[in-house]
Amino acid sequence: MQPQYLKYVVKSNEKEADRICTVRLEPLEGEAPQYEAGQFFMIKNTNLPLEIKPKIKPYSALHIWRANELSFGIKIHAQFSTGMSVLEAGQEIECAGPYGFFVLPKEVNTPLVFLAGGIGITPLITMIEKLALSGHSEKYYLFYSNREEKDVAYKKELDELADLNENFELVYFMTGSCQIDAKNCEMGRISIEMIKKYVSEFDSAHFYMCAGKEFLESMQKNLADSGVLKERVHVEKW
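For the record, in the sequence shown the residue sitting at position 27 is 27 according to our numbering, with numbers rising by one throughout.
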């Protein structure tokens with residue numbers, strides 16, 4: 001079955017962090033398709049020069065569903081993403097979706113631990129936004145790893161979500177030499193020891209992670225070695 005692409009117009013395109021931009025789209029007709037937090041869309045950018053291929057790539061939705069807007073966080077590192085970063089308000093683009101099974105369960109009755117590396121924050125921030133705005137009563141945590149302060153995307157929004165729900169605990173990890181203004185900040189990589197430092201419910205928690213291949217493979221192995229069953233580990237690659 002061929003994907004059904006709908007037309008959108010660019011509302012805004014703003015720099016969010018070093019080599020990361022936020023593209024906000026508005027449907028040309030009707031409403032944006034409803035989707036679950038964590039799902040992704042296929043974006044077709046026909047504004048790219050003919051010689052650039054592919055012209056279609058998947059991106060996770062950045063916010064919970066809004067009828068008049070579809071937003072994406074874009075890491076600028078290749079021709080397609082560079083083309084996305086120079087889109088201007090008023091230009092048209094096409095999206096198909098939603099797709100994917102990287103979503104929260106219908107009923108969340110266990111503690112949740114979100115593990116993000118770099119731009120892998122995008123599907124997770126959508127899940128966290130859903131929990132925070134619903135007044136979720138279980139504990140949930142975000143461990144967010146970046147190299148330096150300039151690489152941290154959506155910090156203001158994450159800090160506001162942490163203030164909104166006392167059950168949400170946010171911990172930044174910096175692998176470089178730079179600290180950031182944050183209640184909880186750790187130097188170095190996310191480790192099982194560091195997770196256990198903050199998460200007293202480690203043995204019952206479910207883990208949702210999105211990052212690059214090396215981060216995911218290492219964390220999955222470390223969780224398995226710590227006795228965490230595969231059923232409690234949910235993974236999305238970027």
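Since the hints were derived computationally from the structure, they do not count as laboratory data.
Yeah, the Cβ is synthetic: ideal placement off N, Cα and C, and Gly gets one too.
Do not take every clue at face value.
Pairwise CB distance ranges, derived in the manner of DEER restraints [to be verified]:
no., residue 1, residue 2, range
1, Glu160, Ser137, 18 to 24 Å
2, Gly176, Pro54, 28 to 34 Å
3, Glu29, Ala78, 27 to 33 Å
4, Glu26, Gln4, 16 to 22 Å
5, Val9, Ser204, 42 to 48 Å
6, Glu29, Ile192, 44 to 50 Å
7, Asn109, Met187, 29 to 35 Å
BS3-like, lysine-lysine: derived pairs with alpha carbons at most 25 Å apart [what the hints assert, rightly or not]:
no., residue 1, residue 2
8, Lys130, Lys55
9, Lys237, Lys183
10, Lys53, Lys150
11, Lys237, Lys55
12, Lys237, Lys53
13, Lys237, Lys150
14, Lys11, Lys156
Worksheet item: CB of Glu160 to CB of Ser137, is that within 18 to 24 Å?
Response: At roughly 19 Å between Cβ atoms, Ser137 and Glu160 fall inside 18 to 24 Å, so the hint holds.
Worksheet item: CA of Lys53 to CA of Lys150, is that 25 Å or under?
Response: violated, 30 Å
Worksheet item: Is the distance from the Cβ of Val9 to the Cβ of Ser204 consistent with 42 to 48 Å?
Response: holds, 45 Å
Worksheet entry | Satisfaction of the hinted span 16 to 22 Å by the C-beta atoms belonging to Glu26 and Gln4 | Roughly 18 Å apart at Cβ, these two residues keep to the hinted range, so it holds.
Practice prompt. Please test the hint of 44 to 50 Å on the beta carbon pair from Glu29 and Ile192.
Written response: Given a distance of about 49 Å, which is inside 44 to 50 Å, the answer is holds.
Fill in: Hinted pair Lys11 and Lys156, Cα distance within 25 Å
holds, 21 Å
Worksheet item: Honestly, do Asn109 and Met187 meet the 29 to 35 Å range at C-beta?
Response: holds, 34 Å
Worksheet item: Going straight from one Cα to the other, do Lys237 and Lys53 come out at no more than 25 Å?
Response: With Cα atoms ~21 Å apart, Lys237 and Lys53 stay inside 25 Å; holds.
Worksheet item: Is 27 to 33 Å a correct range for the gap between the Cβ atoms of Glu29 and Ala78?
Response: holds, 31 Å
Worksheet item: Is Lys130 close enough to Lys55, meaning Cα to Cα at most 25 Å?
Response: With Cα atoms ~31 Å apart, Lys130 and Lys55 exceed 25 Å; violated.
Discussion item. Need the status of pair Lys237, Lys183: alpha-carbon distance at most 25 Å?
Written reply: violated, 28 Å
Practice prompt. Starting from Lys237, check that the Cα of Lys150 is at most 25 Å away, please.
Written response: holds, 22 Å
Hints 8, 9, 10, counting from the list given before, are not met by this structure.
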